[in-house]
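Chemist: What follows is each chain in one-letter form.
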Amino acid sequence: MQHVSLIERLLRGVALILVVVFFMFPIVWIVLMSFQTNETILRVPPSFIFEPTISNYKALITGKLETSAASLEINFLRNLGNSVLLSVGSVALALLLGVPAAYAFARHKFKGSEDIAFTLLSFRFAPPLLVLLPLSLYFQKIGLADTYIGLIWVYQLICLPLILWIVRGYFEDISPDIENAYRIAGHSWFSTFRKIALPLAGPGIAAAGLLAFIFAWNNFIFALVLASADKQPVTVGALAFVTASGIQYGQIAAAIVLSIAPTLALALYAQRYLVEGLSLGAVKG
Amino acid sequence: MYDKEKSLAKDFLDGKLSRRELIKRFGAMGLTASSAGVLLNMQASNALAADFDWKKHSGKTVKLLLNKHPYTDAMIANLDNFKALTGMDVEYDIFPEDVYFDKVTAALSSGSSEYDAFMTGAYMTWTYGPAGWIEDLNEWIEDPEKTNPNYAWDDMLEGVKSSCAWNGKPGGELGSADAKQWCIPWGYEQNNLSYNAGMLDAAGIAVPTNIDELGEAAAALTKDGVYGLGVRGSRSWATIHPGFLSGYANFGEKDLNNDGGKLSAAMNTDVSKDYHSKWVKMIQDSGAKDWATHTWYQVGTDLGAGKSAIIYDADILGYFMNGDGNAMGGKLAYAPFAANPEASAPTPNIWIWSMAMAKASKDKDATWQFLQWATGPEHGLFGATKMDFVNPVRKSVWADEMFRERLNSSYPGYVEMHDVSAPGAKIHFTAQPLFFDLTTEWASTLQKMVANEVPVDEGLDQLAESVNVQLKDAGLG
Amino acid sequence: MRAYPLTYKKLTPVSTTASKRKRSGFISRAALPYVLSLPALLVCIGILIPFFTAVFYSLQRYRLSQPWAREMNWGENYLNFLTDPGFWATLEVSLLYAVLTVGLELLLGLAIALLLQRRSRVNNFVSIMLLMPLMTAPALAALMFKLMTNQGFGILSYLLALVGVDDFRWGSSPDTALFTVVLVDIWVYTPFIMILLLAGLRSLPTQPFEAAALDGVPRIQQFFRITLPMLTPYILTAALFRLLESIQQFDIIYAMTQGGPGDTLTVFQVEAYLNFFQSTNVGRSAALLMILWAITFFISNIFIKNWLRLRERARGEA
Numbered sequence: 008m009q010h011v012s013l014i015e016r017l018l019r020g021v022a023l024i025l026v027v028v029f030f031m032f033p034i035v036w037i038v039l040m041s042f043q044t045n046e047t048i049l050r051v052p053p054s055f056i057f058e059p060t061i062s063n064y065k066a067l068i069t070g071k072l073e074t075s076a077a078s079l080e081i082n083f084l085r086n087l088g089n090s091v092l093l094s095v096g097s098v099a100l101a102l103l104l105g106v107p108a109a110y111a112f113a114r115h116k117f118k119g120s121e122d123i124a125f126t127l128l129s130f131r132f133a134p135p136l137l138v139l140l141p142l143s144l145y146f147q148k149i150g151l152a153d154t155y156i157g158l159i160w161v162y163q164l165i166c167l168p169l170i171l172w173i174v175r176g177y178f179e180d181i182s183p184d185i186e187n188a189y190r191i192a193g194h195s196w197f198s199t200f201r202k203i204a205l206p207l208a209g210p211g212i213a214a215a216g217l218l219a220f221i222f223a224w225n226n227f228i229f230a231l232v233l234a235s236a237d238k239q240p241v242t243v244g245a246l247a248f249v250t251a252s253g254i255q256y257g258q259i260a261a262a263i264v265l266s267i268a269p270t271l272a273l274a275l276y277a278q279r280y281l282v283e284g285l286s287l288g289a290v291k292g
Numbered sequence: 197m198y199d200k201e202k203s204l205a206k207d208f209l210d211g212k213l214s215r216r217e218l219i220k221r222f223g224a225m226g227l228t229a230s231s232a233g234v235l236l237n238m239q240a241s242n243a244l245a246a247d248f249d250w251k252k253h254s255g256k257t258v259k260l261l262l263n264k265h266p267y268t269d270a271m272i273a274n275l276d277n278f279k280a281l282t283g284m285d286v287e288y289d290i291f292p293e294d295v296y297f298d299k300v301t302a303a304l305s306s307g308s309s310e311y312d313a314f315m316t317g318a319y320m321t322w323t324y325g326p327a328g329w330i331e332d333l334n335e336w337i338e339d340p341e342k343t344n345p346n347y348a349w350d351d352m353l354e355g356v357k358s359s360c361a362w363n364g365k366p367g368g369e370l371g372s373a374d375a376k377q378w379c380i381p382w383g384y385e386q387n388n389l390s391y392n393a394g395m396l397d398a399a400g401i402a403v404p405t406n407i408d409e410l411g412e413a414a415a416a417l418t419k420d421g422v423y424g425l426g427v428r429g430s431r432s433w434a435t436i437h438p439g440f441l442s443g444y445a446n447f448g449e450k451d452l453n454n455d456g457g458k459l460s461a462a463m464n465t466d467v468s469k470d471y472h473s474k475w476v477k478m479i480q481d482s483g484a485k486d487w488a489t490h491t492w493y494q495v496g497t498d499l500g501a502g503k504s505a506i507i508y509d510a511d512i513l514g515y516f517m518n519g520d521g522n523a524m525g526g527k528l529a530y531a532p533f534a535a536n537p538e539a540s541a542p543t544p545n546i547w548i549w550s551m552a553m554a555k556a557s558k559d560k561d562a563t564w565q566f567l568q569w570a571t572g573p574e575h576g577l578f579g580a581t582k583m584d585f586v587n588p589v590r591k592s593v594w595a596d597e598m599f600r601e602r603l604n605s606s607y608p609g610y611v612e613m614h615d616v617s618a619p620g621a622k623i624h625f626t627a628q629p630l631f632f633d634l635t636t637e638w639a640s641t642l643q644k645m646v647a648n649e650v651p652v653d654e655g656l657d658q659l660a661e662s663v664n665v666q667l668k669d670a671g672l673g
Numbered sequence: 002m003r004a005y006p007l008t009y010k011k012l013t014p015v016s017t018t019a020s021k022r023k024r025s026g027f028i029s030r031a032a033l034p035y036v037l038s039l040p041a042l043l044v045c046i047g048i049l050i051p052f053f054t055a056v057f058y059s060l061q062r063y064r065l066s067q068p069w070a071r072e073m074n075w076g077e078n079y080l081n082f083l084t085d086p087g088f089w090a091t092l093e094v095s096l097l098y099a100v101l102t103v104g105l106e107l108l109l110g111l112a113i114a115l116l117l118q119r120r121s122r123v124n125n126f127v128s129i130m131l132l133m134p135l136m137t138a139p140a141l142a143a144l145m146f147k148l149m150t151n152q153g154f155g156i157l158s159y160l161l162a163l164v165g166v167d168d169f170r171w172g173s174s175p176d177t178a179l180f181t182v183v184l185v186d187i188w189v190y191t192p193f194i195m196i197l198l199l200a201g202l203r204s205l206p207t208q209p210f211e212a213a214a215l216d217g218v219p220r221i222q223q224f225f226r227i228t229l230p231m232l233t234p235y236i237l238t239a240a241l242f243r244l245l246e247s248i249q250q251f252d253i254i255y256a257m258t259q260g261g262p263g264d265t266l267t268v269f270q271v272e273a274y275l276n277f278f279q280s281t282n283v284g285r286s287a288a289l290l291m292i293l294w295a296i297t298f299f300i301s302n303i304f305i306k307n308w309l310r311l312r313e314r315a316r317g318e319a
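Protein chains in written order, with our numbering: chain V, 8 to 292; chain C, 197 to 673; chain S, 2 to 319.
No lab work stands behind these hints: they were computed from the structure. Backbone N, C-alpha and C define an ideal beta-carbon position, used for all residues, glycine too. Among the hints, erroneous ones may be present.
[What the hints assert, rightly or not] Listed below are the simulated PhoX-like cross-link pairs for lysine-lysine, each with C-alpha atoms no more than 20 Å apart in a straight line:
1) V/K148 - C/K474
2) V/K148 - C/K555
3) V/K118 - S/K306
4) V/K116 - S/K306
5) C/K450 - C/K474
6) C/K251 - C/K474
[Stated by the list, open to error] From the structure, some residues in chain C lie toward chain S, with a derived Cβ separation under 8 Å:
7) K252
8) H253
9) T301
10) D486
11) K644
Chain V extracted, bound-state conformation (with noise of 0.2 Å):
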């Protein structure tokens, strides 16, 4: 590595912190928002001095909501559970449908593979609002309006070209050398591809689902218009602090601190997959 001089060093730091900044401050912003009741949320001027409570989580934990209108019930918890369902299922069903394609369509010239790959990306490019609406008339007709399944099947068409091509990358990037000497062995196909292609693309294929499953999370239209209230994901979920007594800041920023949590977790367990995994870093050795 070359020289690295002084000032460019102290320019680097700078120009990080400016970016850890620019991006973290509303994060930080919305978890002290978390901490606050609506009335010294909307404080003029804004301040960061202020006395923390935790009724905002209290609230959305247990389910009760009290404020100067009314008594809310809400149900959190269970649009939190239904967010996890969803994203954790159709990820994983698109992992199961994507990565085997992707294998092909990277080690495979065949008749009509590129026209595959592309048909399935191109899934992609409908807008939402175009399939969703006749999807729905359809949903009701042969019985999966209002399942997990037909939900499931609608989140896996969002997340499955994004692992199919970014998985394909994986696959071409890694010599096949290792996977023909491995056949010539005497291994069948099946072994070679479970015991030597999916390990060494693992974390490639680790981070595409992260990254997949982040986009199916923040998915909002998709079980607004095809399920019932009690199938509703976070996003929705969190709406329901908007009510025509008033926008209760303090607990949308708490469900936005915990519906961020999760993903953070997953994020923070898989880290070096996610950023390493992604740069086939733990491959290289």
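Put chains C and S on the given structure of chain V with help from the hints.
Modeler: Here is chains C and S on its own, set in the frame of chain V:
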């Protein structure tokens, strides 16, 4: 377990006990106002049962689609009484207000038979009715076999009731003889002034009584980080229908002309241009800086937090902001408002939260059983006196002494405001299926005017032209 | 165990020829790739049914509120766009929004990735932390920004006022509305590009850089001659997925301004959403979305062709 309380309630209903006495005795027993109300309502419901077969649909279940709203909370609080009265069960899906109508449209347009009844506004029925998604409820209201004798349909405020009835013809008069009752009023909002009494007193400003005074007062109140006048401004129909249209109608102006069934734009008259100019100037001089993104929530929040002095918006928005948890809770007051100095009384345009019955419902008689209870006088009185089920749509509730006293004690001027403006309160829009297209464009035009992107008269001419084209396109003009 | 990145093959041509020879031995397995890829296709293909239904709607005069007037009008919805200034405004602002957001996010994302390129605990931790905006649902992020930019309680408006800018109206003025929504978009989605490019940067082989350093090639030239070209497939992937989302943006814009003020931000999905859910004009809504689909299809095609070409060339050079 509630035997003693129940017998008290029965005494009251039999006329042996005054209401005041009853509440006092309940209080002595340690009952809260709201649970006493539920009990009382239970007895009232029992009294009803004598005259009508409430148990006819016992064992059936109806499912509702509801908006997250204080009205919904009030209904749920009293729901056990309905179940006991009818032996029926009620399931419900509650969606946040922000996405509520999108959910309704999605559910109805998909042909789902999941929901038997749902909350709606009258404007929405101008789409749902012609689309064939909801029932004309006259069929049930007028059938003595199906509607209990105490339902008292005539007890509904006339302007409110007829605003929910439309014959389905574009431009057809609301509440006409051939009108279909697309929905039943549940609770409603008039648009008048809610103001921060302390701020007006401190500045020595009298409550404005017409648009010119409102403009002056708002300008004088705009100082020290407070702005004078809160009104909605987002790019939505919701910006047009509250204060803005109430004042507009007070000048005798209309949205559309109806020439024998042919509709055409009516918002580019001289009087309208004058009114628009005043409105736009008011917002530029003394409105919120972020007016163009203000919805119901911001208008309310700012008043409640003491950031704005007066709002010309829904009365119940001012009502909610007077509650605890708002910096200005308990400091707000209310006044009727006639924008036109020549007008004898206010003409508020109204929003009506109503209940409609889905055409896809599998058991409509059972659904009606629920609807007549939920929109009936007993639940109305319970909600209005014990919960935040305001404004009631029934005359009997407004006449109730306890209800009036409750409002008068904590919401100064509210009752009088309502009484003064109720005669002129109705929907002042022309009923037609392009309502949302035209009002969204109207709001967008207002935004351009306030941002000085287009002069008022030119903007209105453009709007009228565009409205005419759209009406023609849809075969209405 | 050891595998090699794509670019490494340039140095070891033997491996590719070897693999070609071996692959010819799998001919009996001709069906295998189909077995692997068709399930994905079969599971997803169902989405084409509602898609074609939507195409059909777009060729109709179809308002839910006027069911009696429903009829085929073939291309009329589309033809009407030609003379509809609202449509052209939609097209313009949608493309502008997409170009601005994707462009700025690519620049910013690349810059941050370069800052974090060196492997260290701090850099890894920071890169995970920076993903948090991406984990905030755009619809909710917009709600928070709306509060932060509120003229009274908003911390951002307050901070601006402290430095003397006290009349900045964010989403409420036609002059700054686009800036505001682009800012929120950048906040939410730059981390997506950052993480993909960071991965790309870290996967680059070290030899070319070492060789260049030995030759005394300045770092700035190394960046343009080596880093950027080798990073291109990653940039294309990141840009493609970002573009697909950006040109179809809805959550942020709708929550911040509902397409206003005036008609400043009536992008495709916002306009189509209002057309469907409020006006219940299904025909126009579907036609708008079909145009959006066509644009997306066209742009993606260019991206994918280039992506494939780059990868082919990389192999061809081997």
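Chemist: For each hint, tell me whether it holds in the structure or not.
Modeler: Cross-check of the supplied hints:
Of the pairs offered as hints, the one joining V/K148 and C/K474 is violated, with about 53 Å between alpha carbons and a cut-off of 20 Å exceeded. A threshold of 20 Å between alpha carbons decides the hint, and for V/K148 with C/K555 the separation of about 17 Å falls inside it, so the pair holds. This hinted pair checks out: V/K118 and S/K306 have alpha carbons roughly 17 Å apart, not beyond 20 Å. Pair hint V/K116 plus S/K306 holds up; C-alpha atoms about 16 Å apart against a cutoff of 20 Å.
At roughly 17 Å between alpha-carbon atoms, C/K450 and C/K474 fall within 20 Å of each other, so this suggested pair holds. Between C/K251 and C/K474, the direct Cα distance comes to roughly 57 Å. Violation of the 20 Å bound is thereby established for this hinted pair. With a cut of 8 Å, the hint placing C/K252 at the interface with chain S is violated, because the nearest CB-to-CB distance is about 34 Å. The criterion of a C-beta within 8 Å of any C-beta in chain S is not met by C/H253, whose closest approach is roughly 31 Å, and the hint is violated.
Annotation: C/T301 was flagged as interfacial toward chain S, and the flag holds, the nearest CB pair being 5 Å apart, inside 8 Å. Look at C/D486: its Cβ gets to within about 4 Å of chain S, closer than 8 Å, so that hint holds up. Given hint, C/K644 at the interface with chain S, holds; its Cβ is 4 Å from that chain's nearest Cβ, closer than 8 Å.
Checked against the numbered hints listed earlier, the structure breaks hints 1, 6, 7, 8; every other hint is satisfied.
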